[in-house]
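Undergrad: In case you want the letters, here they are:
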Amino acid sequence: MLTAPNERLKRLIRQTLLIRRIEERVIELYPSDKIQSPVHLSIGQEPVAVGLCEAMTPQDILFTTYRGHAYYIAKGGTLPELMAELYGRSGGVSGGKAGSMHLAAPEVGMMGSSAVVASTIPHGVGAALAAKLRGEKQAVITVFGDGATEEGVYHESLNFAVLHKVPVLFVCENNALAVHTSLAERQAFDTESHAKAYGINTTVIEDGNDLIKIGDVTAKLLASLRAGGGPEWLMIKTYRYKEHVGPGDDFDAGYRKRADMEPWWKSDPLNRYADIVKGMEAEVKAEIDRAVAFAEASAPPAPEQLLTDVE
Amino acid sequence: MTHQSTATSLSYREALHKAMHDAMAGNPNALLFGQGINDHKGIFGTTTGLADKFGKHRLIEVPLAEEGVTGNCIGAALNGAYPINVHIRSDFVLLAMNQIINLAAKYKYMFGGLFDVPMLVRLVIGRSWGQGAQHSQSLQSLFAHIPGLTVIMPASSGSIVDSYAHAVRKHRGPVISLEHRLMYDLKFEPEHEPVVLGATPFSQRKVSHGSDVTIVSTSIMSLEARRAGEWLASRGISCDIIDLHCVSHIDADVIMKSVARTGKLLVADTSWQPYGVSAEVCRIVAMRDPGVLKAPVVCMGMAAAPCPTAKALEDIYYPNLTTLTDAIATLVRGKKDNGIELPHERSMADVYKKFKGPF
Ligand SMILES: Cc1ncc(C[n+]2csc(CCOP(=O)(O)OP(=O)(O)O)c2C)c(N)n1
Ligand SMILES: [Mg+2]
Chain A
714 MLTAPNERLK RLIRQTLLIR RIEERVIELY PSDKIQSPVH LSIGQEPVAV GLCEAMTPQD
774 ILFTTYRGHA YYIAKGGTLP ELMAELYGRS GGVSGGKAGS MHLAAPEVGM MGSSAVVAST
834 IPHGVGAALA AKLRGEKQAV ITVFGDGATE EGVYHESLNF AVLHKVPVLF VCENNALAVH
894 TSLAERQAFD TESHAKAYGI NTTVIEDGND LIKIGDVTAK LLASLRAGGG PEWLMIKTYR
954 YKEHVGPGDD FDAGYRKRAD MEPWWKSDPL NRYADIVKGM EAEVKAEIDR AVAFAEASAP
1014 PAPEQLLTDV E
Chain B
2 MTHQSTATSL SYREALHKAM HDAMAGNPNA LLFGQGINDH KGIFGTTTGL ADKFGKHRLI
62 EVPLAEEGVT GNCIGAALNG AYPINVHIRS DFVLLAMNQI INLAAKYKYM FGGLFDVPML
122 VRLVIGRSWG QGAQHSQSLQ SLFAHIPGLT VIMPASSGSI VDSYAHAVRK HRGPVISLEH
182 RLMYDLKFEP EHEPVVLGAT PFSQRKVSHG SDVTIVSTSI MSLEARRAGE WLASRGISCD
242 IIDLHCVSHI DADVIMKSVA RTGKLLVADT SWQPYGVSAE VCRIVAMRDP GVLKAPVVCM
302 GMAAAPCPTA KALEDIYYPN LTTLTDAIAT LVRGKKDNGI ELPHERSMAD VYKKFKGPF
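So the sequences go chain by chain: A and B. Numbered continuously in our numbering, the first sequence closes out at residue 1024. Numbered continuously in our numbering, the second sequence closes out at residue 360.
So that you can see chain A by itself, here it is in the shape it has in the complex (with noise of 0.2 Å):
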């Protein structure tokens, strides 16, 4: 590491910081209207985000899905776009086309989220053996869900991409729960042993709130990758604060207890490093203003874009 550690901890904290607050102005926005799409919010899984990212390189690619806003933002997606898209305005990063769940960023290698459960993880795997043909030392991450793990299209890329020896990382995003389903309901396999007898080696995170040991896992994983080790498999277990879809809490919706999230919220290191994060508000606000006055500022899309890159 070139900075020192308290530095790196610092940036990874107010991106964390960045992410958070970017979220809560799209939750305090969402009553007057301005933000006319469902938002998947990641409010407590922001670490996930941030550390993976810390890893990658900007050549490095990145497919996710609707629950999108914090790799964009950790990726190095601009805040302005992200705001004019969430806003459905000219300016967004496409032009309004894509909302909150489509989120992209090709120039720092953010390829795309889909909205139909994992749908985008034979695209890592694809990616990765584009790579690998290029002979490029590109290394791709395919971040999904753990209720993505019950698509078929999961199964065919881990056996496609342990035979081929593709440079993906396949990262299974945990937080324990699809919708308002806990695992239980749906699973009738451990994620990690299904995982490991398509001969991946794999690695579990318990703790999806340690940005350091996100991040230093990642990295080791992607030399690895890049190294031509073959794909690898990382579990990151994690927290979603809010209701799966909208701007709510659903502590009362009985499917799961507030008490879940006390653990998390106490090692949410926005909670456990809060002097820190003190200090950062500030400037963290002023970057959030200017993002929506960008927004605000935009015009909505003209007629004629409805047309425009059908084909």
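One should not assume that every hint holds.
Result set (DSBU-like, lysine-lysine): computed pairs, CA atoms no more than 30 Å apart in a straight line [to be verified]:
(1) B:Lys42 x A:Lys747
(2) B:Lys207 x B:Lys188
(3) A:Lys747 x B:Lys188
It is worth saying that the hints were derived from the structure and are not from the lab. Here the structure is a predicted model, which is why all the values come from computation and not from measurement.
With chain A held as given, fit chain B with the ligands onto it using these hints.
TA: Quick look at chain B with the ligands alone, frame taken from chain A:
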């Protein structure tokens, strides 16, 4: 043969709940499969409480495994159960197309009639509030293209109650039903229920009688057509509106009889036009007797693009009450400058604008 729907005053959502309840109560071998089927939201309130009454062994919470679960339904249907499988967006059923098209649709014919696959697949079409490209598709024509499938698009509470009861009790083949999310909160009074134009609840429906133009519509466009028809009725234009309801089995006589009277045809579908319901209705007229047409057919549907998320674009992506009314008036008057005052509301905009989920 025509008959009136049996429905009492229910919202679309209540009708769906009643249909699910009645299916479970009426057939001990009926099963309901879906992701989140037993959670507190219960598929937008259409399955809530049913597990308490009928048991979780019949209301089956399923993993994210659309193709596998569809195959499970087929196997269950082959062995005496009546499976109902619900997808909260029609877009997700695309993962199960192999089972539906290669298996469910063909099982009877391919084995020379040895088997039936009685099952119902409920799909919900999303619209509004930035559903975007992958949560808004209206896929009726993909299914209606395939022999062996019956595809319905209920546009009223009565259509739900009667058609689902018919599917569960009488029909022996796979039925695909496309429900529209934006209709869930609408209440349908029995006197507004369209008249069924045929022997079974899967038949076409007459929304209103008229003499100037035939409007053939599907799903929520049948509601828009009714509203446009009411607006135009007081302005001297009378619309004959047919709610297609069953898009896979269209009674050509119903359409031809109407068009022969009016000489003018407008098709208003919820989906894209090419290779779709619009194209199919045009095929029927072109093959039966294009000579009855006094003007070229007009078709309305989604713009020829995936659905954009931005509201500014989504607003012009779909036909609305204004554009529909204008198109009807232009067709009837034979000129763009049709002199008909247009309604101010953008569409069923009151409903759409208020819609903020749950998704
Ligand atoms: C193929 C498909 N099936 C169902 C859905 C509806 N759906 C959206 S998110 C979700 C849960 C996914 O859970 P998980 O993969 O764990 O991701 P998380 O939302 O927890 O981040 C479901 C069932 C969908 N979008 N796509
Ligand atoms: Mg999950």
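Undergrad: Indicate, hint by hint, whether the structure satisfies it.
TA: Hint by hint, here is what the structure shows:
no.: 1; hint: B:Lys42 x A:Lys747; result: 26 Å, holds
no.: 2; hint: B:Lys207 x B:Lys188; result: 19 Å, holds
no.: 3; hint: A:Lys747 x B:Lys188; result: 29 Å, holds
The structure agrees with every numbered hint stated previously.
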